[in-house]
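Participant: What follows is each chain in one-letter form.
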Amino acid sequence: NAGVTQTPKFRILKIGQSMTLQCAQDMNHNYMYWYRQDPGMGLKLIYYSVGAGITDKGEVPNGYNVSRSTTEDFPLRLELAAPSQTSVYFCASSSGQAFNYGYTFGSGTRLTVV
Amino acid sequence: GESVGLHLPTLSVQEGDNSIINCAYSNSASDYFIWYKQESGKGPQFIIDIRSNMDKRQGQRVTVLLNKTVKHLSLQIAATQPGDSAVYFCAENRGSNYKLTFGKGTLLTVNP
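In the order they appear, the protein sequences are chains H and Z. So the first sequence is numbered by my numbering: it starts at 198 and just counts up by one. So the second sequence is numbered by my numbering: it starts at 463 and just counts up by one.
Hints may be right or wrong, so weigh each one.
[Said to hold, decoys possible] Derived lysine-lysine pairs resembling DSSO-like cross-links, with alpha carbons at most 27 Å apart:
no.	chain 1	residue 1	chain 2	residue 2
1	Z	Lys-530	Z	Lys-561
2	H	Lys-241	Z	Lys-533
3	H	Lys-211	H	Lys-254
4	Z	Lys-533	H	Lys-206
5	Z	Lys-518	Z	Lys-530
6	Z	Lys-504	Z	Lys-561
7	H	Lys-206	Z	Lys-504
8	Z	Lys-530	H	Lys-241
9	Z	Lys-561	H	Lys-206
10	H	Lys-241	H	Lys-211
11	H	Lys-254	Z	Lys-504
12	Z	Lys-518	Z	Lys-533
13	Z	Lys-518	H	Lys-254
14	Z	Lys-561	H	Lys-211
15	Z	Lys-566	Z	Lys-504
16	Z	Lys-533	Z	Lys-566
17	Z	Lys-566	Z	Lys-518
18	Z	Lys-504	H	Lys-211
19	H	Lys-241	Z	Lys-566
20	Z	Lys-566	H	Lys-254
21	H	Lys-241	H	Lys-254
22	H	Lys-206	Z	Lys-518
Hints in this document: simulated from the structure, not taken from any laboratory.
Chain H extracted, bound-state conformation (with noise of 0.2 Å):
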């Protein structure tokens, strides 16, 4: 198994562009999440879903978009990037049933807003 497949792993923007990460589970997991973790910080929630076509907001939204078309994929949307969305970005899904597995992270895509 692949587990959670994040691309890319490294990214630059400029300030104002915009950009996808992808994130693709072949689990089929129904509850996906995005977390974004900043240098020495645990990771902040962004965005999750329970499934296909239903997403909702977590601890740090802003200026991010998601979309949830597939039970497979979740794309993660930076639109007009900014240099606080440095950070790096894990894309994790659950089953639901956590219990002795826990959540499967990705390896997390490196971006920076220059």
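Since chain H is already given, all that's left is putting chain Z on it; use the hints.
Facilitator: Then chain Z, alone, in the frame of chain H:
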């Protein structure tokens, strides 16, 4: 502020010693807790979890203890190895939709 926090941001131990990483939480409604390990440049890796109706859970070389009275969670690593060097996060689930709230993390360094 953070509702899930850690008492020590860094912990340095000798190889073979036992390690204890602590975590405090403030929401008594949290019903599920997870410990993650994050190595440099990688995503968080699941270590062990525990439900709020449990006090203790053991895995391979790891034990998680939950004290609901003082809202405290700890991760014990037995016979710590150099490969255990990483940042360790605790996370709590406070309600529906399984949204996790993470603490800042503790950096564990294992000296040979």
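Participant: Look at each hint and say if it fits the structure.
Facilitator: Here is what the structure says about each hint:
1. Z:Lys-530 to Z:Lys-561: Answer holds: Z:Lys-530 to Z:Lys-561 is near 20 Å, not above 27 Å.
2. H:Lys-241 to Z:Lys-533: holds, 21 Å
3. H:Lys-211 to H:Lys-254: holds, 25 Å
4. Z:Lys-533 to H:Lys-206: Roughly 37 Å between the alpha carbons, so the hint for Z:Lys-533 and H:Lys-206 is violated.
5. Z:Lys-518 to Z:Lys-530: holds, 11 Å
6. Z:Lys-504 to Z:Lys-561: Distance of about 21 Å is within 27 Å: holds.
7. H:Lys-206 to Z:Lys-504: Roughly 11 Å separates the two Cα atoms, so the pair holds.
8. Z:Lys-530 to H:Lys-241: holds, 24 Å
9. Z:Lys-561 to H:Lys-206: Holds, at about 24 Å.
10. H:Lys-241 to H:Lys-211: Roughly 23 Å between the alpha carbons, so the hint for H:Lys-241 and H:Lys-211 holds.
11. H:Lys-254 to Z:Lys-504: holds, 25 Å
12. Z:Lys-518 to Z:Lys-533: Distance ~14 Å between Z:Lys-518 and Z:Lys-533 Cα, so the pair holds.
13. Z:Lys-518 to H:Lys-254: violated, 33 Å
14. Z:Lys-561 to H:Lys-211: Measuring from Cα to Cα gives roughly 31 Å; hence the hint is violated.
15. Z:Lys-566 to Z:Lys-504: Holds. Z:Lys-566 to Z:Lys-504 sits at ~16 Å (cutoff 27 Å).
16. Z:Lys-533 to Z:Lys-566: holds, 17 Å
17. Z:Lys-566 to Z:Lys-518: Holds, because 23 Å separates the two Cα atoms, which is no more than 27 Å.
18. Z:Lys-504 to H:Lys-211: holds, 25 Å
19. H:Lys-241 to Z:Lys-566: With Cα atoms ~10 Å apart, H:Lys-241 and Z:Lys-566 stay inside 27 Å; holds.
20. Z:Lys-566 to H:Lys-254: holds, 21 Å
21. H:Lys-241 to H:Lys-254: holds, 12 Å
22. H:Lys-206 to Z:Lys-518: violated, 37 Å
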